[in-house]
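Participant: Chains A, B and C are the protein sequences, given in the same order. The opening residue of the first sequence carries number 1 in the working numbering; numbering runs sequentially from there. The opening residue of the second sequence carries number 1 in the working numbering; numbering runs sequentially from there. The opening residue of the third sequence carries number 1 in the working numbering; numbering runs sequentially from there.
Some hints here could point you the wrong way.
Chain C stretches covered by chain A per the calculated footprint, using a threshold of three residues with CB under 8 Å from any CB of chain A [as the list claims (entries may be wrong)]:
hint, segment
1, 126-140
2, 158-166
3, 188-196
Taking CB as the label site, the calculated pair distances span [said to hold, decoys possible]:
hint, chain 1, residue 1, chain 2, residue 2, range
4, C, N296, A, Q83, 29 to 35 Å
5, C, R277, A, P104, 38 to 44 Å
6, C, R277, B, D264, 33 to 39 Å
7, A, Q83, B, Y159, 33 to 39 Å
35 Å max Cα-Cα, derived DSBU-like pairs, lysine-lysine [as the list claims (entries may be wrong)]:
hint, chain 1, residue 1, chain 2, residue 2
8, A, K52, A, K107
9, A, K63, A, K52
10, A, K52, A, K179
11, A, K63, A, K107
12, A, K112, C, K291
13, C, K291, A, K107
14, A, K112, A, K63
15, A, K52, B, K160
16, C, K291, B, K160
17, A, K25, A, K107
By construction, these hints were calculated from the structure, which means they are not laboratory data. Computed from a predicted model, the values in this text were never measured in an experiment. A virtual CB, placed ideally from N, CA and C, is assigned to each residue, including glycine.
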Amino acid sequence: MYSLHGIGKSFGGIDVLTDISLTLKPGQRLGITGANGVGKSTLINVATGFLKPDSGHIQLNNKTLTHQPAWAFAQAGIQRTFQSTRFLITANLGEQLLLAARAPESKRRLAKLIELSGLQASLHLFPDEIPLPMLRKAEVIRGLAASPEVLFLDEPSAGLTAIELDQFGVFLQQNLGQKTALVVVEHRFDFMLMITDSVVEMQLNRGLVEKGTDVKT
Amino acid sequence: MDMLQTSIDGLMIGSTYALLGLSFALVFGIMRRINLAFGACLLFGASLAIYLEPILGWGAWGLFFVTIVGVALASAYVERLCFAPHSKRHGAVTAMIASFAVWMQLDEISSQLLPQRTHAFQGIEVPNLWWGEVFVRGDQLLHFVIALVSILVLYLLLYKTRLGLLIRATADSPETAHLLGARVPWLGFIIFLLAGILGGLAAFMILSADGYVTPLFGLWSTFKGLIAMIIGGVGSLTGAVIGGLILGLVETHAGAVLGAEFRDMVTFGLVFLVLIIRPGGLMGVKIYRTDSLAQERV
Amino acid sequence: MDMYLASVLTNMTLIAFLALSAYLVLVVGEVSFGQQAFFGIGAYITASATALAGAHVFWGLLAGAIGGASCALVLGLLTIRLSGIYFAISTLCFAELLRFFLLHLRFTQSVDGRIIGPDGPEGFSNIRWIFENNYQVTDFLLLAVTCLIILLIVLFSLERSPIMLGARMVGNDPILAQSQGLNPTRYRLSFITLSGAVAGFGGGLFALFNTHIEPAMFGVMLGIHGLAYAVIGGLGSAIGPLLGVFLDIGLLESIRSLAAYRMIIFGGLVALLLVFRPEGIISPRLVSHLKSRWRNRHV
């Protein structure tokens, strides 16, 4: 179980996050929506250890992660994707995916995920030779290989067409597994409804507000 | 009284270091690049000046003029060959090594122009001053004034002209500046020219105050400029000026107290301490930490 | 083999150690202007061990490597929060401070009527190991090349392991590296320390070959040359720095007729080369490309 409690973060006098709290159970699918600039990226960055909160704490299965460096978060099982997919451009896809799967079960899981995603043919290519929808899948696979506790997706729909998005959604539904909790920060409501059980909205100065699944856009 | 004398000497030489530091700060602060060929450009300018002196016969002012023009030309060459082709964010190391290669090239050209190990470098004849018990060399005072004036002109250029605005905007964010109409590659060229002119001024001052030039001058001036910039805070123009003055003061005092040998050690030790304790230098320039996302949009 | 050729090749081998040490730091994303200091420390330690303490050359070289590694580790720890130009300049200062220390190191003994030991700016003369053991230039070349090959084997096996890819990730994109659970600090410290060991070992060989070393030999220019070889040759593989060394020392030596204008031509050519191949000749992309073509060769 993963929890954020009382998280606050300000930049140069501006309070971006105020008293944010969040709890995730294994297998939970949560969407976070909200206007531009309201602090969604900041929240992901804090939740995955890339920014340190000014107040509050972060816990994973009774282990406090709050002031650990980002790599410790990753090793503890908190994985994420990035708004613009992040890969080395000097190594091919296969090598980079392998790096994410160090244990034998991870390697097996990785092999299966690659097969299911149709990325087999692209493994020898460099990331700048691979179309965006495949790269986004690759990023997800990279995150899922080690069977993480939580996977954060940062605006995964950016740059994808409706059809590509649909396929991506199906791919996610099929491969997330029971254990991994999912948090998706997204604009595209329909996509978010497809892959999450509940949605919260991040509002300026009000934090995360419950939306439920029966909200009409 | 000795301390005062040493301090004045320190400020005099510090003003030339300030110009050297400014040159580096201009290039690093605005383009995030280190020009390793900087000192070699200075040496080239000076060598060209001495080489042409018998032909032109303009005396010390001729040296002044040709040095600056020579350094500016060399800087333009360096910019076009080593920096313009590597302007993307990750091109920093490549550009630096390319400038190292041109450093070797310019050093060799300079020693072709000046085959002997030492060459006389004529200075401007200015009467010396006695101010109570303090002695001030006339030419060094003139240099100090020229340095001050150049720094003022630079500030006017940067803060009162449209070109200066474009330069400062590019320092902040090259992408935005480009969108707003700044011709960023062309600006890089201008920056290098400016840095070259300042460097040429500093070179003339230092060499004419010493009275001679040796092949070691290139490496030496590169060190001084880098160190002045670091002490003041990397990339900060004001910092470079202050850093240069402080370097001059510290150096002169260390030399007076500990002797010439320990002078360099004190300098390097000071810079090392600055970097360990307060990397941002005097002006507290923010350094980018590898795990901080405040500087990067992720 | 011609004496002159053997000595050029030996020089290339020794400088290769320096270039490889610069390469190891570049791989984790930093620039070091200070590798020459570890080279110099290794030289002095090996010289002291063999000439002063009469140790076997193996222990002498090992001590040199350990000395280089220790200094590098100290530097790495002191500069743990620094990166980019701050790190680069601090390596420069550290190296000059070390060199200053060597300039004032005096510990001489009289052995068989000769003065042996570090003697300040005069340096360390009479490192007589090769004379005592009757080594010809060609013999030493064989020794040096053997050591280099062993180092290359180590580096190549490192290259094939995830450690190297992890290091490259740390060097290219620390944020990505962290998201993959890699600790950038640990990679940095490890590679910097390793680079010190490699440079120290090379310095030890250098001392034995030259029989005389002095602080002036280990200045900034030496370090920047090593750095340049790594960048020009390419960071894709340990072969890159070797290629860089070969291009400078090897090719240039062969156009001795142009000796006077050598640097003018070579400097311009290097800058030009970098315009067209900014990541060096043997770039990481090239190596990755070649690797996957090799793997898929039957497809």
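Participant: Confirm or reject the claim that Q83(A) and Y159(B) have a C-beta distance inside 33 to 39 Å.
Facilitator: The hint (33 to 39 Å, Cβ to Cβ) holds, given that Q83(A) and Y159(B) are roughly 36 Å apart.
Participant: Within a Cα-Cα threshold of 35 Å, do K52(A) and K179(A) meet the stated pairing?
Facilitator: holds (26 Å)
Participant: For the pair supplied as a hint, K63(A) and K52(A), is the alpha-carbon distance within the 35 Å limit?
Facilitator: holds (16 Å)
Participant: Cβ-Cβ distance between R277(C) and D264(B): within 33 to 39 Å?
Facilitator: holds (37 Å)
Participant: Given the hint that K52(A) pairs with K107(A), test it: the Cα-Cα distance must not exceed 35 Å.
Facilitator: Holds, because 32 Å separates the two Cα atoms, which is no more than 35 Å.
Participant: Measure nothing beyond the straight line between the CA atoms of K25(A) and K107(A); if it is 35 Å or shorter, mark the hint as holding.
Facilitator: Holds, at about 26 Å.
Participant: How does the coverage statement for the segment 158-166 of chain C fare against chain A, requiring three or more residues with Cβ below 8 Å from a Cβ of that chain?
Facilitator: holds (count 3)
Participant: The hint says 38 to 44 Å between R277(C) and P104(A); measuring C-beta to C-beta, is that right?
Facilitator: holds (39 Å)
Participant: Are there at least three residues in the segment 126-140 of chain C whose beta carbon sits under 8 Å from a beta carbon of chain A?
Facilitator: Three-residue rule not met by the segment 126-140 of chain C, so violated; n is 0.
Participant: Checking C-beta pairs, does the segment 188-196 of chain C have three or more residues closer than 8 Å to chain A?
Facilitator: That given contact is violated, which follows from only 0 residues of the segment 188-196 of chain C lying within Cβ reach (below 8 Å) of chain A.
Participant: Tell me if the straight-line CA distance from K52(A) to K160(B) falls inside 35 Å.
Facilitator: violated (40 Å)
Participant: With the threshold set at 35 Å, check whether the alpha-carbon distance from K112(A) to K63(A) stays at or below it.
Facilitator: Holds. K112(A) to K63(A) sits at ~31 Å (cutoff 35 Å).
In this structure, the earlier hints numbered 1, 3, 15, 16 are contradicted, and the remaining ones agree with it.
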